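Residue numbers (numbering that gives the first Met the number 0), protein chains in the order written: chain A, 0 to 491; chain B, 0 to 289.
Derived by calculation from the structure, the hints in this document are not laboratory data.
These numbers were taken from a predicted model, which means no experiment stands behind them.
Honestly, I wouldn't trust all of these hints.
Stated by the list, open to error - So the derived label-pair ranges between C-beta atoms look like this: (1) A:Ala294 x B:Gly228: 28 to 34 angstroms; (2) B:Val90 x A:Glu52: 49 to 55 angstroms; (3) B:Leu96 x A:Leu455: 48 to 54 angstroms; (4) B:Arg279 x A:Glu52: 23 to 29 angstroms; (5) A:Arg254 x B:Pro218: 56 to 62 angstroms; (6) A:Ala294 x B:Leu152: 23 to 29 angstroms; (7) B:His74 x A:Glu52: 18 to 24 angstroms.
What the hints assert, rightly or not - Chain A side only, calculated, beta carbon under 8 angstroms to chain B, not exhaustive: (8) Pro403; (9) Glu404; (10) Arg405; (11) Leu408; (12) Leu412.
Stated by the list, open to error - Pulled from the structure, derived: some chain B residues nowhere near chain A, Cβ distances all over 12 angstroms: (13) Val99; (14) Gly126; (15) Val156; (16) Val195; (17) Glu211; (18) Gly270.
Cβ coordinates follow ideal geometry from the N, Cα and C atoms, glycine included.
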Amino acid sequence: MMRPYHRLQSFPGFAARGAFWMFLAVVATPSGMARAQADSTVGEPAWLPLPVEDLEAPEHLDDPLVPELGFLVRVDVRDGRLRQARSALTATARGVVAGVAVLTGPRGETQAATGSLRGARLELDAGRLAARELAPLLAENLALAARSGRVPAPRALGPAFVAPVSTASRTVDGAALAWRPAPGSRGGLALWALGGRRRADGTSLGALGFGARGAGAAWSATWARTGRSSSAGLSAEWRSARAHSVLALDAISGRTGAAAIVAVKRVAGPLRVQARWRWRSRDLRGVASEIAGEAGSRRARLRLRMEGNPSGATGSTSRVELEGRLVPPGQGPFSFRLGSARTEGFSNAAGFHEGRERYAVGELMVARARGRTLTLLASRRDRETLLGTRRGSSLGGRLGLAWPERAQLEIQLEGFRADAGGGTAWSSGLYAGGATALRTYARPGIGASARGALRLGRWTLGGLVEERDDASGGRATAASVWVGRSLEPGDR
Amino acid sequence: MTRARGIAGRRAIGVPAFVALVPAAALFVATSDARAAFEVRDASPAALGSASLDLAAQPFFEGASDRGLSASASHATLDQADGLTSEQARVALAGRLARVAVTWNQIGFPGAREHSLRATVDEATPGPIALSLTAERLLLAIEGEPAQGGVALGASVSARVALPRGTLECSLGGDRLARTGGLASLGVEPSFPFAVRIRAAGVSVAWMDRWEASGDSSPRLVVDLALGGAAHLRMARGIRPDRGGAGLAIRLGRIELSVARLDRDAGGSVGSAALGLAPRSRAPLPGDGR
Numbered sequence: 000m001m002r003p004y005h006r007l008q009s010f011p012g013f014a015a016r017g018a019f020w021m022f023l024a025v026v027a028t029p030s031g032m033a034r035a036q037a038d039s040t041v042g043e044p045a046w047l048p049l050p051v052e053d054l055e056a057p058e059h060l061d062d063p064l065v066p067e068l069g070f071l072v073r074v075d076v077r078d079g080r081l082r083q084a085r086s087a088l089t090a091t092a093r094g095v096v097a098g099v100a101v102l103t104g105p106r107g108e109t110q111a112a113t114g115s116l117r118g119a120r121l122e123l124d125a126g127r128l129a130a131r132e133l134a135p136l137l138a139e140n141l142a143l144a145a146r147s148g149r150v151p152a153p154r155a156l157g158p159a160f161v162a163p164v165s166t167a168s169r170t171v172d173g174a175a176l177a178w179r180p181a182p183g184s185r186g187g188l189a190l191w192a193l194g195g196r197r198r199a200d201g202t203s204l205g206a207l208g209f210g211a212r213g214a215g216a217a218w219s220a221t222w223a224r225t226g227r228s229s230s231a232g233l234s235a236e237w238r239s240a241r242a243h244s245v246l247a248l249d250a251i252s253g254r255t256g257a258a259a260i261v262a263v264k265r266v267a268g269p270l271r272v273q274a275r276w277r278w279r280s281r282d283l284r285g286v287a288s289e290i291a292g293e294a295g296s297r298r299a300r301l302r303l304r305m306e307g308n309p310s311g312a313t314g315s316t317s318r319v320e321l322e323g324r325l326v327p328p329g330q331g332p333f334s335f336r337l338g339s340a341r342t343e344g345f346s347n348a349a350g351f352h353e354g355r356e357r358y359a360v361g362e363l364m365v366a367r368a369r370g371r372t373l374t375l376l377a378s379r380r381d382r383e384t385l386l387g388t389r390r391g392s393s394l395g396g397r398l399g400l401a402w403p404e405r406a407q408l409e410i411q412l413e414g415f416r417a418d419a420g421g422g423t424a425w426s427s428g429l430y431a432g433g434a435t436a437l438r439t440y441a442r443p444g445i446g447a448s449a450r451g452a453l454r455l456g457r458w459t460l461g462g463l464v465e466e467r468d469d470a471s472g473g474r475a476t477a478a479s480v481w482v483g484r485s486l487e488p489g490d491r
Numbered sequence: 000m001t002r003a004r005g006i007a008g009r010r011a012i013g014v015p016a017f018v019a020l021v022p023a024a025a026l027f028v029a030t031s032d033a034r035a036a037f038e039v040r041d042a043s044p045a046a047l048g049s050a051s052l053d054l055a056a057q058p059f060f061e062g063a064s065d066r067g068l069s070a071s072a073s074h075a076t077l078d079q080a081d082g083l084t085s086e087q088a089r090v091a092l093a094g095r096l097a098r099v100a101v102t103w104n105q106i107g108f109p110g111a112r113e114h115s116l117r118a119t120v121d122e123a124t125p126g127p128i129a130l131s132l133t134a135e136r137l138l139l140a141i142e143g144e145p146a147q148g149g150v151a152l153g154a155s156v157s158a159r160v161a162l163p164r165g166t167l168e169c170s171l172g173g174d175r176l177a178r179t180g181g182l183a184s185l186g187v188e189p190s191f192p193f194a195v196r197i198r199a200a201g202v203s204v205a206w207m208d209r210w211e212a213s214g215d216s217s218p219r220l221v222v223d224l225a226l227g228g229a230a231h232l233r234m235a236r237g238i239r240p241d242r243g244g245a246g247l248a249i250r251l252g253r254i255e256l257s258v259a260r261l262d263r264d265a266g267g268s269v270g271s272a273a274l275g276l277a278p279r280s281r282a283p284l285p286g287d288g289r
């Protein structure tokens, strides 16, 4: 597998390098885990792409958004050099799904290997594991997630331990065991256990969780030990009929003190409200909150969101956003986001300082017909700095081509500009997994990218190619190609 | 002082040619917003009338159902620089599914010229979204020096949306997105041209711009007026640099005559004249009212 990677650099032309690899391997991806974007922003689902820095798990952006894959090979290249390769294989026999996944680095070295066995209720994973859907406070306590200023959503349904999708993922070298309710059942008991060492620092780690899920409620309790410290956590969720009301909480007590997250969601006719509140006992300013209200019809909806949290020892950040989505009859949707953010802080060099930023993002589908769509993209950021107001803007378009049941292709062209000395601009980034997120650039430039997928029976070939030229004369290129085979029987 | 970077960047350039070409080219390109080699893409009257030497111009007379062969030739001169000219020849063949056009353009003076050969394939679709692909062969030829150049590829998409009494057109392009290595030393960079146009009853208003990788841009406003079915007036204003363009085209049967000039507020002007052969069938665009 290493030889083809070394020959890549001799291939003439960026397009040739991006297109002429064929990759082996099959990845077994647990059902429901193949999601490209992990986003738990209050007020989800977002109508416009979110900034990468606002995402909980940006490494999932490149994960292919396809149903259960029995076979997957994916290779990511940057500036003509291999960045990482991921491959996995699944075999099924007598209701047991066995899988192996390998993640290799830029020199072809194996950076992660994971094996899994899954039956109807019992799951066993071993090797280098990444945790998904772990309760956020527990994940922070185990250092399997970054300590975030945002308030994430509580999770009470129990985690899954899977093969990492990126070398940037926080992982554990060990084994995990899980006992879950029977598939298709409306509830039941669940149990899970994790043991091993954290890859980042080698600290021994162990966790045990158990819980239950019913028609309208779920709860789970966890006990975890890292090194010589231990912690205990509790998560719970109540849902009313048709999920019109949801109350969720997540609490933990351990070496770093106590913490809690409470989240509520309510739908009443055209109105929808969501709120999250977090408290950390050890922090001097331990409370952060986010709240969102949404109203309107299917043709016109508005959402107002406010959030605030402490930042560092003495600072704080707050943000207000207004989002809207308009769908005129016979026309494509127009989505916009207007926002204002404020950051306060203190430093020895600058003393107390306050920064403000105002921004606007918009997408307008101008035309749609016969498998084609054209969407205009625009954004603007005005940031107040010590040197004055610094502006950044972007303008572009995205062409979508679709062949029903067979293939799809997106081509995006965009220009972005940013003032020197602190100006930044957002550019819509296409990711191989099908998601789109806003990337920040501090230099002007032109970007072109294309993303597509071709389905032939149970096989899917997908790819992403992008190139950016900036004001410094530099050019950055990236490509990602993947081949997968669905586990679903029957050809389309 | 702006200059053609491709010429200034060459190491082994004959001194007399270099000394003569650079200031003259600087005057020519300074009249427009062009600042690097091969920036002048079109110096025909249709381009001067839209104050856009750096964009492929929209023809004066454009029909929705053009079929057959068309051709045109133009000549442009710079008032202040003796011998600095631009010539262009274009041949196009329009069919039911697509239109193919080949354009040859050169700018310079005896001893030093930039040549470009551009092939464009436009999709002729009744649908609202049409695609276009462009391939260019760019060549810088200086007497006594080996020619330098390369190939560039680009693409664009245009959308046409019907309004109650007109049409809205939007076009976005990726100009010279892919380039062979020889063009990098000549300062050829990709850019993002775009335009939004509204047509109604023989009048159209367009906002056009081209964003470069360096962050520069030069927006312009272009107004087109159809004077009956045999004449067309085009006027435009642009900024960065501030400039104005005006052009007039007359059609006699299948023969088209056009003249235009582009004047920079800070000084400098370009004049151009063209003779063309129109395709056989021609129906007005939706919202054109001609």
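Does the structure break any of the earlier hints, and which numbers would those be? 1, 3, 4, 6, 7, 8, 9, 10, 11, 14, 15, 16, 17
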